[in-house]
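Number of protein chains: 2
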Amino acid sequence: MSASVCDFTFLQGVKVVDFTQFEAGPSCTEALGWLGADVVKIENPKMGDPGRRLRPGQPDTDPYYFHAFNANKKSITVDLKSLKGLALVKDMIRKADVMIENFAPGAIERLGLSYDVVKAINPSIIYAQVKGFGEGSPFEHNLAFDMIAQACGGTFSVTGDKNGPPTRPGISLGDTGTGMLMAITIVGALYKRHETGEGHRLQVAMQDAMLHYMRINFATQGLTGKAAERGGSKVPGVSNAPMGLYPCAPGGPNDYVYIMTSRANPDHWDRLLKLIDRQDLIGDKRYLTPADRVEREAEVDEVISAWTRKHTKLDAMKLVGEAGIPAGAVLDTDELNKDVTFEQRGIMQTMIHPVHRPFKMPGWPVRVDGKATRITSSPMLGEHTDQVLSDWLGLTAQAVAEMKREGVI
Amino acid sequence: MSASVCDFTFLQGVKVVDFTQFEAGPSCTEALGWLGADVVKIENPKMGDPGRRLRPGQPDTDPYYFHAFNANKKSITVDLKSLKGLALVKDMIRKADVMIENFAPGAIERLGLSYDVVKAINPSIIYAQVKGFGEGSPFEHNLAFDMIAQACGGTFSVTGDKNGPPTRPGISLGDTGTGMLMAITIVGALYKRHETGEGHRLQVAMQDAMLHYMRINFATQGLTGKAAERGGSKVPGVSNAPMGLYPCAPGGPNDYVYIMTSRANPDHWDRLLKLIDRQDLIGDKRYLTPADRVEREAEVDEVISAWTRKHTKLDAMKLVGEAGIPAGAVLDTDELNKDVTFEQRGIMQTMIHPVHRPFKMPGWPVRVDGKATRITSSPMLGEHTDQVLSDWLGLTAQAVAEMKREGVI
Numbered sequence: 000m001s002a003s004v005c006d007f008t009f010l011q012g013v014k015v016v017d018f019t020q021f022e023a024g025p026s027c028t029e030a031l032g033w034l035g036a037d038v039v040k041i042e043n044p045k046m047g048d049p050g051r052r053l054r055p056g057q058p059d060t061d062p063y064y065f066h067a068f069n070a071n072k073k074s075i076t077v078d079l080k081s082l083k084g085l086a087l088v089k090d091m092i093r094k095a096d097v098m099i100e101n102f103a104p105g106a107i108e109r110l111g112l113s114y115d116v117v118k119a120i121n122p123s124i125i126y127a128q129v130k131g132f133g134e135g136s137p138f139e140h141n142l143a144f145d146m147i148a149q150a151c152g153g154t155f156s157v158t159g160d161k162n163g164p165p166t167r168p169g170i171s172l173g174d175t176g177t178g179m180l181m182a183i184t185i186v187g188a189l190y191k192r193h194e195t196g197e198g199h200r201l202q203v204a205m206q207d208a209m210l211h212y213m214r215i216n217f218a219t220q221g222l223t224g225k226a227a228e229r230g231g232s233k234v235p236g237v238s239n240a241p242m243g244l245y246p247c248a249p250g251g252p253n254d255y256v257y258i259m260t261s262r263a264n265p266d267h268w269d270r271l272l273k274l275i276d277r278q279d280l281i282g283d284k285r286y287l288t289p290a291d292r293v294e295r296e297a298e299v300d301e302v303i304s305a306w307t308r309k310h311t312k313l314d315a316m317k318l319v320g321e322a323g324i325p326a327g328a329v330l331d332t333d334e335l336n337k338d339v340t341f342e343q344r345g346i347m348q349t350m351i352h353p354v355h356r357p358f359k360m361p362g363w364p365v366r367v368d369g370k371a372t373r374i375t376s377s378p379m380l381g382e383h384t385d386q387v388l389s390d391w392l393g394l395t396a397q398a399v400a401e402m403k404r405e406g407v408i
Numbered sequence: 000m001s002a003s004v005c006d007f008t009f010l011q012g013v014k015v016v017d018f019t020q021f022e023a024g025p026s027c028t029e030a031l032g033w034l035g036a037d038v039v040k041i042e043n044p045k046m047g048d049p050g051r052r053l054r055p056g057q058p059d060t061d062p063y064y065f066h067a068f069n070a071n072k073k074s075i076t077v078d079l080k081s082l083k084g085l086a087l088v089k090d091m092i093r094k095a096d097v098m099i100e101n102f103a104p105g106a107i108e109r110l111g112l113s114y115d116v117v118k119a120i121n122p123s124i125i126y127a128q129v130k131g132f133g134e135g136s137p138f139e140h141n142l143a144f145d146m147i148a149q150a151c152g153g154t155f156s157v158t159g160d161k162n163g164p165p166t167r168p169g170i171s172l173g174d175t176g177t178g179m180l181m182a183i184t185i186v187g188a189l190y191k192r193h194e195t196g197e198g199h200r201l202q203v204a205m206q207d208a209m210l211h212y213m214r215i216n217f218a219t220q221g222l223t224g225k226a227a228e229r230g231g232s233k234v235p236g237v238s239n240a241p242m243g244l245y246p247c248a249p250g251g252p253n254d255y256v257y258i259m260t261s262r263a264n265p266d267h268w269d270r271l272l273k274l275i276d277r278q279d280l281i282g283d284k285r286y287l288t289p290a291d292r293v294e295r296e297a298e299v300d301e302v303i304s305a306w307t308r309k310h311t312k313l314d315a316m317k318l319v320g321e322a323g324i325p326a327g328a329v330l331d332t333d334e335l336n337k338d339v340t341f342e343q344r345g346i347m348q349t350m351i352h353p354v355h356r357p358f359k360m361p362g363w364p365v366r367v368d369g370k371a372t373r374i375t376s377s378p379m380l381g382e383h384t385d386q387v388l389s390d391w392l393g394l395t396a397q398a399v400a401e402m403k404r405e406g407v408i
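Line by line, the protein sequences give chains A and B.
Using numbering that gives the first Met the number 0, the first residue of the first sequence is number 0, and each one after it goes up by one.
Using numbering that gives the first Met the number 0, the first residue of the second sequence is number 0, and each one after it goes up by one.
Chain A on its own, in the form it takes in the complex:
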């Protein structure tokens, strides 16, 4: 463990019964786990969370997706379709602070764990649900995955070339973006419960959550009265130049630097011209004001590109940044992975797993008193069944063995 890493204890003692799968739910409970909560995944004994991508009888060659969203959790297996299995999770719910699920619409009710049932068992529980579409939406019975939520939530419509088709943002905002909003609300509900002892039902829809991340675009719509557009790597509606992505040496697919001169700071343009040895253009009437430069944006971009093409993206970022102009190299996962400063700061950590290869992955990026929270291994399927049933419910080894024989767990 690096010196910059410790175990966060903000949510120490908070018990979470976690029925979530794939990413929207698991990203939420992983955040709770990283803050110190005791998160127990309830998984079916055969395959577990489908995010495990287990292929029965074949070696488990792709555990990375599961690792990424299930660090710092425990796993127990329970057959929820057996009466004894259902009774067992109800006993756990009685002891829990939070229950969370992101099954298909109607599934948790069919399992016999609707909010009314759970509330009757434990009136002070925080009962959290993540769905694709909201209750009351015309699509409330539809399944959704990240791509569906992003398409219906607007993010495709503002991503991609101005004259090209809508494009998927390459990050799973529909899932993790939603999970984070639920996590904030769950911790808020726990905070209030200190005072009131009251439970609540929390619900979020992935489509609705996308609107939260689209607020700049809704602000643009407020101004123009029209649908917000896409603009490649420009920001539509921002009337300044130069601003955008410029090609760098040696010309690989991600060899670009983002340079952003500010409309509010007229010095940026002159400073940039000086840096790139085009002092001849300082004061040139063709490019004097932001409006002039927007009108001749193609020319302006070529002036910058002629210089950036002669530098690597990291050199360009450094030189432009040192000249006091915001700049950022386009980095890919391989470059980020190899940059040791992330590991030194605890932002990336290597998950050590009892079976799988070590996996370097991003952890919780918020540092507390200078330290990052430690990543522990994602659980093997059912790894903690005995431990949790003993710790939470006081079951004896004999009782657990009996349930295993019966196929309940």
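No lab work stands behind these hints, which were simulated from the structure alone.
As the structure is a computational prediction, the values presented were derived from the model and not from experiment.
Fair warning: there could be bad hints in the mix.
Because identical chains share one entry, a pair is satisfied inside a single copy or across any pair of copies.
No farther apart than 20 Å at their CA atoms in a straight line, the calculated lysine to any residue pairs in the SDA-like style are these [what the hints assert, rightly or not]: (1) K337 to G135; (2) K309 to P249; (3) K233 to P164; (4) K370 to G135; (5) K83 to K337; (6) K14 to K80; (7) K14 to H193; (8) K233 to P252; (9) K14 to E194; (10) K225 to N162; (11) K284 to G381; (12) K89 to H352; (13) K161 to P249; (14) K359 to L287; (15) K317 to A248; (16) K161 to V116; (17) K161 to E334; (18) K225 to G250; (19) K403 to T76; (20) K14 to R192; (21) K118 to K370; (22) K14 to T195; (23) K161 to D338; (24) K233 to N162; (25) K161 to P246; (26) K284 to T340; (27) K309 to P246; (28) K73 to V407.
Starting from the known structure of chain A, arrange chain B on it as the hints suggest.
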């Protein structure tokens, strides 16, 4: 106020001294405000938060950006560079639970409000900082805006056409995505403080926060050992077809539907062929398995497109969805804005402002006990100076008037 809206009280009584500006910080404190916290923006008397985009002497024609990230807050004006102004905010900090800032690196220290100073005034305060790059990063002194953080955090590298340049995801994930991770951590710290009474310093960097949203891409890198790629609207590494964006009638820039057949559910392909009246292809050896269809993806996509082009995106979404196959229309801000079901459910609400035009905007998407939290107006610059100085500090109207005369507030 719609019947589906109420005032959330999870963070009632939590006092936040908010020095944030633009979006990464304000999105965080707005989330706290939506959960019921008393958030007071400390703004400079001349221009306020630069996110207000005020142009002195000119009418305020673009308040939407500010509205979107500053609902449910109060505003007071204080000249932090005057000794009396600094003493005043220190008095507020003494009464506060949370202080948060996202100034340029070093600025809060130069103002005389470093963590050491603030901790000495109020040892139990949660002191939160949002920066572009992390302490210890080679770029820690650099400025960052959303685009810079996204470029350096990897999201550009995985967005856009497979053979085209990196592309900016059209949402401000660098800002709001970061703000949400800080909000989770702040509320977690408040939860723990009930028990310990201890304050903490929280720090997040926008670049680091992007890695959190890139975990699918890091999982792909874990599997392949290579940088995660971009794939237009396909998901690189997912080996199934059909899956992607299909063009719809009448052929406008956002007339597309995302259709996603599942590798795990072989019925999807047959069901889709039946729906589009291509039963002749059911069992066709060329398209039998997911691997076959990936190999002939261009042909498969054309089979689907021939049908989708004859339907609107909403009809296609409905018909494909009813056939049990995940599908989602690409919706833009105008279409989302006009869909009354968002307003009926409290997900979109109209901000009523004392001066500006009403603005329909997305609110907090997580519902509590079936209700959404009410959006109240973003504050006018200094609107709550008198009220807050009286409520928080017990200052008399005379004392406040005196400070106004002196230009302190």
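Hints, verified against the model:
no.: 1; hint: K337 to G135; verdict: between (47 Å within a copy, 16 Å between copies)
no.: 2; hint: K309 to P249; verdict: within (8 Å within a copy, 45 Å between copies)
no.: 3; hint: K233 to P164; verdict: both (16 Å within a copy, 13 Å between copies)
no.: 4; hint: K370 to G135; verdict: between (43 Å within a copy, 12 Å between copies)
no.: 5; hint: K83 to K337; verdict: neither (49 Å within a copy, 49 Å between copies)
no.: 6; hint: K14 to K80; verdict: neither (23 Å within a copy, 47 Å between copies)
no.: 7; hint: K14 to H193; verdict: both (14 Å within a copy, 17 Å between copies)
no.: 8; hint: K233 to P252; verdict: both (18 Å within a copy, 18 Å between copies)
no.: 9; hint: K14 to E194; verdict: both (18 Å within a copy, 16 Å between copies)
no.: 10; hint: K225 to N162; verdict: within (17 Å within a copy, 30 Å between copies)
no.: 11; hint: K284 to G381; verdict: neither (71 Å within a copy, 40 Å between copies)
no.: 12; hint: K89 to H352; verdict: neither (30 Å within a copy, 48 Å between copies)
no.: 13; hint: K161 to P249; verdict: between (26 Å within a copy, 19 Å between copies)
no.: 14; hint: K359 to L287; verdict: neither (48 Å within a copy, 37 Å between copies)
no.: 15; hint: K317 to A248; verdict: within (14 Å within a copy, 47 Å between copies)
no.: 16; hint: K161 to V116; verdict: neither (51 Å within a copy, 49 Å between copies)
no.: 17; hint: K161 to E334; verdict: between (28 Å within a copy, 19 Å between copies)
no.: 18; hint: K225 to G250; verdict: between (37 Å within a copy, 18 Å between copies)
no.: 19; hint: K403 to T76; verdict: within (10 Å within a copy, 65 Å between copies)
no.: 20; hint: K14 to R192; verdict: both (14 Å within a copy, 18 Å between copies)
no.: 21; hint: K118 to K370; verdict: between (38 Å within a copy, 18 Å between copies)
no.: 22; hint: K14 to T195; verdict: both (18 Å within a copy, 19 Å between copies)
no.: 23; hint: K161 to D338; verdict: neither (33 Å within a copy, 25 Å between copies)
no.: 24; hint: K233 to N162; verdict: both (13 Å within a copy, 19 Å between copies)
no.: 25; hint: K161 to P246; verdict: both (19 Å within a copy, 17 Å between copies)
no.: 26; hint: K284 to T340; verdict: neither (44 Å within a copy, 51 Å between copies)
no.: 27; hint: K309 to P246; verdict: within (9 Å within a copy, 40 Å between copies)
no.: 28; hint: K73 to V407; verdict: within (18 Å within a copy, 55 Å between copies)
Checked against the numbered hints above, the structure breaks hints 5, 6, 11, 12, 14, 16, 23 and 26 and satisfies the rest.
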